[in-house]
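*Asks:* Sequence:
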Amino acid sequence: MAASENNGAPERPQVRFVTIDENNHGQRIDNFLVTFLKGVPKGKIYNLLRKGEIRVNKKRIKPDFRLNSDDVIRIAPIVVAEPSDKPMVAEGLKQEIENRIVYEDKGLIVVNKPSGLAVHGGSGLSFGLVEVVRQMRPQEKFIELVHRLDRDTSGLIMIAKKRSVLKLLHAALREKEGVQKTYNALVFGSWPKRKLQVNAPLLKNELKSGERVVKVHTDGKESLTRFKVLRAFDGFTFIECEPVTGRTHQIRVHTQFAGYPIVGDDKYAPNEANAQAKQLGFKRLCLHAAKLEIDYEGEKLVLEAPIEDAWKEAMQALPSKY
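Read in order, the letters of the sequence shown are residues 1 to 322 in the UniProt record's numbering.
Simulated from the structure, these hints should not be mistaken for laboratory data.
Beta carbons are placed, not taken as given, at the ideal position from N, Cα and C, and that holds for glycine.
Mixed in with the good hints, there may be bad ones.
[Said to hold, decoys possible] Quick list of in silico lysine-lysine cross-link-like pairs, DSS-like style, CA-CA up to 25 Å: (1) Lys300 with Lys176; (2) Lys228 with Lys312; (3) Lys62 with Lys51; (4) Lys195 with Lys42; (5) Lys267 with Lys278; (6) Lys106 with Lys59; (7) Lys38 with Lys62; (8) Lys321 with Lys228; (9) Lys59 with Lys38; (10) Lys195 with Lys167; (11) Lys51 with Lys106; (12) Lys195 with Lys176; (13) Lys94 with Lys283.
[Stated by the list, open to error] What follows is a list of derived Cβ distance ranges for each label pair: (14) Leu230 with Gln276: 35 to 41 Å; (15) Lys204 with Leu230: 35 to 41 Å; (16) Arg226 with Lys58: 18 to 24 Å; (17) Glu211 with Ala275: 33 to 39 Å; (18) Lys215 with Ala76: 43 to 49 Å.
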């Protein structure tokens, strides 16, 4: 992450000096500190910035200050969680993720994430995919998620090993040029072949419990998903989904809005239908990030990951219509 750091003895916090390298060039100071000062609450970091107890090149800075290579950050004595405080990931899980890497070079890792594994820790989870990869690649100074997948969604996800790659791919996603994501989903009902897209604004809400729920609403953000029928079964349809925009739960809500919720979706599909689907062998959210097309390093990188065997076998057992 940072080129060099001068640490005092862990039992007696001292002033720390951190020199920024090219991996963090252009990053906001608050975002850098949240990652760097593991164990320090975000509110405390902002308080330290306001008081001038964290400075860059001996000057007070605001939370939105952007770092440059060779900047020197001075951090006042504070208690910081040591790396040994981090929960260790089981070797079996690390090996599973290692086996699920579909692409890796000096700047990028693409993993076929299993269903049930969150992309990052928090909200009661001690670790997620990105923390697993950090422990798998301890020599890497920079490992950050490029985008996200819901915990129960499986499939291809990009993880940057360089800030320059992260910025490049973020820009591509933002401009909707250079990255194309294609998903597979199994939905309840008979999706009409003529229904090629859903264009409906999505509004994100947070319940008192902290649970995130998204719904179609005129006050929401513009959202567009394209669809294609791949195979029709008795009571189910296997479809391809291309989210043109990248909203939270977009495919899940757009399929529900169209009248064909995704099998195994405990948030947007009827409980009774999900219970019946479980009896047929569908024991997970049937949404999978199947394909990534990336303009990367002057080439078109095309990566694919098939749906898992248990889902495929359960689907093959269904009566087929076409």
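*Asks:* To test your reading of the hints: which numbers does this structure violate?
*Replies:* When the structure is compared with the hints, numbers 4, 6, 10, 11, 14, 15, 16, 17 turn out to be violated.
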